[in-house]
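Visitor: Chains as they are written, first to last, in my numbering: chain A, 1 to 77; chain B, 1 to 380; chain C, 1 to 364.
For the record, the hints were derived by calculation from the structure and aren't laboratory data.
Owing to the predicted nature of the structure, the values given are computational and were not obtained by experimental measurement.
Just so you know, even glycine gets a beta-carbon here, dropped at the ideal spot from N, CA and C.
Wrong hints could be hidden among the right ones.
Derived contacts from chain A toward chain C, CB cut-off under 7 Å, selection only [as the list claims (entries may be wrong)]:
(1) Leu3
(2) Leu22
(3) Ser23
(4) Gly24
(5) Ile25
(6) Arg26
(7) Lys27
(8) Val47
To give an idea of the interface, some chain B residues facing chain C are shown, with a C-beta separation under 7 Å as derived from the structure [as the list claims (entries may be wrong)]:
(9) Tyr46
(10) Asp50
(11) Leu51
(12) Gly92
(13) Asp93
(14) Pro347
(15) Tyr368
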Amino acid sequence: MCLAIPVRVVEKKGDDLAIVDLSGIRKEISLALVDGVQAGDYVILHVGYALSRLDPDEAERTLALFREAGVAAEVLP
Amino acid sequence: MKYIDEFRDGAVARQIGVRIAAEVQPQRRYHFMEFCGGHTHAISRYGISDLLPDAVKMIHGPGCPVCVLPIGRVDLAIRLALDHKVILATYGDCLRVPASSGLSLLKAKARGGDVRMIYSAADALGLARRNPQREVVFFAIGFETTTPPTALAIKQAAAEDLANFSVVCNHVLTPAAITNILESPEVRKLGTVPLDGFIGPAHVSTVIGSQPYEFFAEEYRKPVVIAGFEPLDVMQAILMLVRQVNDGRAEVENEFTRAVTRAGNLKAQQLVSEVFELRRSFEWRGLGEVPYSALALRGEFAAFDAERKFALETKHVADNKACECGAILRGVKHPRDCKIFGTVCTPENPVGSCMVSSEGACAAHYSYGRYEEDPIKTAA
Amino acid sequence: MDEGRSNKPVKAGYVRPLDLKHGRVDLTHGSGGRAMAQLIEQLFAAAFENEFLAQGNDGARFALPPGRVVMAIDSHVVSPLFFPGGDIGALAVHGTINDVAVMGATPIYLAASFILEEGFPLGDLKRVVDSMAAASRAAGVPIVSGDTKVVERGKGDGVFITTTGIGVVPDGLELSGDRARPGDRILVSGFIGDHGMAIMSLRESLAFATEIVSDSAALHALVAALIASVREDVRRDPHRGIRALRDPTRGGLATTLNEIATQSRVGMMLDEAAIPVRPQVEAACEFLGLDPLYVANEGKLVAIVAPEDAETVLAAMRAHPLGRDARQIGAVIDDRNHFVQMQTRFGGRRVVDWLTGEQLPRIC
Numbered sequence: 001m002c003l004a005i006p007v008r009v010v011e012k013k014g015d016d017l018a019i020v021d022l023s024g025i026r027k028e029i030s031l032a033l034v035d036g037v038q039a040g041d042y043v044i045l046h047v048g049y050a051l052s053r054l055d056p057d058e059a060e061r062t063l064a065l066f067r068e069a070g071v072a073a074e075v076l077p
Numbered sequence: 001m002k003y004i005d006e007f008r009d010g011a012v013a014r015q016i017g018v019r020i021a022a023e024v025q026p027q028r029r030y031h032f033m034e035f036c037g038g039h040t041h042a043i044s045r046y047g048i049s050d051l052l053p054d055a056v057k058m059i060h061g062p063g064c065p066v067c068v069l070p071i072g073r074v075d076l077a078i079r080l081a082l083d084h085k086v087i088l089a090t091y092g093d094c095l096r097v098p099a100s101s102g103l104s105l106l107k108a109k110a111r112g113g114d115v116r117m118i119y120s121a122a123d124a125l126g127l128a129r130r131n132p133q134r135e136v137v138f139f140a141i142g143f144e145t146t147t148p149p150t151a152l153a154i155k156q157a158a159a160e161d162l163a164n165f166s167v168v169c170n171h172v173l174t175p176a177a178i179t180n181i182l183e184s185p186e187v188r189k190l191g192t193v194p195l196d197g198f199i200g201p202a203h204v205s206t207v208i209g210s211q212p213y214e215f216f217a218e219e220y221r222k223p224v225v226i227a228g229f230e231p232l233d234v235m236q237a238i239l240m241l242v243r244q245v246n247d248g249r250a251e252v253e254n255e256f257t258r259a260v261t262r263a264g265n266l267k268a269q270q271l272v273s274e275v276f277e278l279r280r281s282f283e284w285r286g287l288g289e290v291p292y293s294a295l296a297l298r299g300e301f302a303a304f305d306a307e308r309k310f311a312l313e314t315k316h317v318a319d320n321k322a323c324e325c326g327a328i329l330r331g332v333k334h335p336r337d338c339k340i341f342g343t344v345c346t347p348e349n350p351v352g353s354c355m356v357s358s359e360g361a362c363a364a365h366y367s368y369g370r371y372e373e374d375p376i377k378t379a380a
Numbered sequence: 001m002d003e004g005r006s007n008k009p010v011k012a013g014y015v016r017p018l019d020l021k022h023g024r025v026d027l028t029h030g031s032g033g034r035a036m037a038q039l040i041e042q043l044f045a046a047a048f049e050n051e052f053l054a055q056g057n058d059g060a061r062f063a064l065p066p067g068r069v070v071m072a073i074d075s076h077v078v079s080p081l082f083f084p085g086g087d088i089g090a091l092a093v094h095g096t097i098n099d100v101a102v103m104g105a106t107p108i109y110l111a112a113s114f115i116l117e118e119g120f121p122l123g124d125l126k127r128v129v130d131s132m133a134a135a136s137r138a139a140g141v142p143i144v145s146g147d148t149k150v151v152e153r154g155k156g157d158g159v160f161i162t163t164t165g166i167g168v169v170p171d172g173l174e175l176s177g178d179r180a181r182p183g184d185r186i187l188v189s190g191f192i193g194d195h196g197m198a199i200m201s202l203r204e205s206l207a208f209a210t211e212i213v214s215d216s217a218a219l220h221a222l223v224a225a226l227i228a229s230v231r232e233d234v235r236r237d238p239h240r241g242i243r244a245l246r247d248p249t250r251g252g253l254a255t256t257l258n259e260i261a262t263q264s265r266v267g268m269m270l271d272e273a274a275i276p277v278r279p280q281v282e283a284a285c286e287f288l289g290l291d292p293l294y295v296a297n298e299g300k301l302v303a304i305v306a307p308e309d310a311e312t313v314l315a316a317m318r319a320h321p322l323g324r325d326a327r328q329i330g331a332v333i334d335d336r337n338h339f340v341q342m343q344t345r346f347g348g349r350r351v352v353d354w355l356t357g358e359q360l361p362r363i364c
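Between the sequences and the hints, there should be enough to build the whole structure, so can you do that?
Guide: Structure representation (structure tokens):
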């Protein structure tokens, strides 16, 4: 359930609103559910609200895990 | 699209598929349930099943809030629109759910009901502010992902003393549904539905955290891997589940670390518990009455509870006798096992809820997977 | 000197001009009387300006060049009326020109009927009509007959426009949706989903600032170029060339391909990675949970082409301004289920089914 997408915060408008960007599409959303979001951060957006911040380091780590599975796969007989 | 495209890399997906095939133990079968409808949709849309070895089978779970919405609740919304003449604000997903008397919210709109599609709970508030002389009712659905926005809207309405805004609350809870499945006779006693593990929902988990699933891992000895929304996330989660099963482990692992923590979003959780309380029981379409599985507005917010405001009573409405949605939602049957699948019941004329939502098991199979029934012959 | 008469003489033949700034359509504009005649003369005929309309008859009489006649009709009820890249007027002209063109016919004339809602601002009507006139002139297809009716306030959406188009197909050219055969290649003339998402960006509760622009365009010159590119080959071997052309409007690319697959009783296999979608359109679809394959286009072509001629037709598309981003996106296959299938970017396979009702934004 729950269609949600990672979007980049372009600009904050007061405490609770922000403009986010995805490939050039901009939208105003609410930050009322997440504290400490800054411009440049990525957030998970669902029905017009940010639900959490996306951790770029963890994202990299996850991608590395994928690649690891991939590298190991190539070595298989 | 950053953080999206990288997680849809087909080449990497194939490699993970090869890895899964290498690690499944010979002669062993693995059955995993992806709980979340969004995952069902991703699996179908990207054809993930094609990349998995035959030994691994995915079972579609009931994590589709539209699919588990009982007919009686949709009837409430229709009556509000047609009889009480409110402005009925709803997410697009609910518009075509078939209800009683051959109606749906979309058909009610055609009959003169003021049904408005909204994208966000905030839009419903906006409608109330712009139409002070009309009653605006927000038909709220969704699992824990969608509940915090509703809570915010209600608090905002209270702060603004909006007299013409109220909510029909159909918010339901994930852990309760998982318990219901694990407690079902087919899983627990009869073993007719072999269930080796769960792919935990992505975005519900950003709100509730990974901690609530630890109970299932311990109590029922079933591994849970929380997976992100993208197809590579799902593939990786399946690999992690296979490894847990092989190792004899039953733990909660988090594949979606970039957005999910053990504690989850505490601010959102606090907001929800401030506005809502547990219902003792709630009917889930296909699963029957499930205890402590759904939310209602607290007494302090009674003024915004449409069920109280309009003295609404929910009637139980039985499903069409031939409809197998219940069994399908519990993973006991496959869409093609349903007698009316693809004939009487199609996305154009859905009889049951599994066909209405594009992530319902039946709609997903109909829209994406029907080719499986007939192997394709490509012309020269 | 008479009492109470002003000294200024009244100009003979004076008619108060239409108040385009503040005026609105009212029921007299549809009643057949002077008000309607004035509206037609000062707004419609003045904009569309041609010998047929100048004659002021109920119909236009003309001879047609030799060949078979193609007639097409299209209604336009789009809301909002004005959007990035176009408006209902331009759509009405382009849409019908395209319907005629994809039959292989050269569009020659258009007729247009307007259903106006009481209260519709004349200024907006002029904007729509001027846009139609510009589109018609640019395409070289005049609007030679028209009709106007007015309905009471609340019974229309400002304006509904219906256009009919007439064209002529030269003998020997057979373009039809039932001619696709296994082995044929499937081409698309450019980016899909632009028009539908441009409209979505304006809808009330889905507002987002975007640069997505409708692709509304007249495709008859492009069609002529494609037909010309394989004319010699077809002359030598009638089993070659273009089988069918269609413009994927409501319901998008997926609907058009399913229509052709059903008509021709074949299947199709698409390559997702080859289907061109602009990044902003893709992103807009992500926001709303929509699939670009089902989003409307108003300036694109789908071509089903014999395999030997696919490269030629593709090159001809790319050589034309409206086909610069053309791609080959798949092939026709043998399939008794008539499924349109797709190799996903992911390596898996899925069915690209008929659309169910209207595609709605979703939260799940």
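Visitor: Hint by hint, work out which the structure violates, then give me just those numbers in ascending order.
Guide: none
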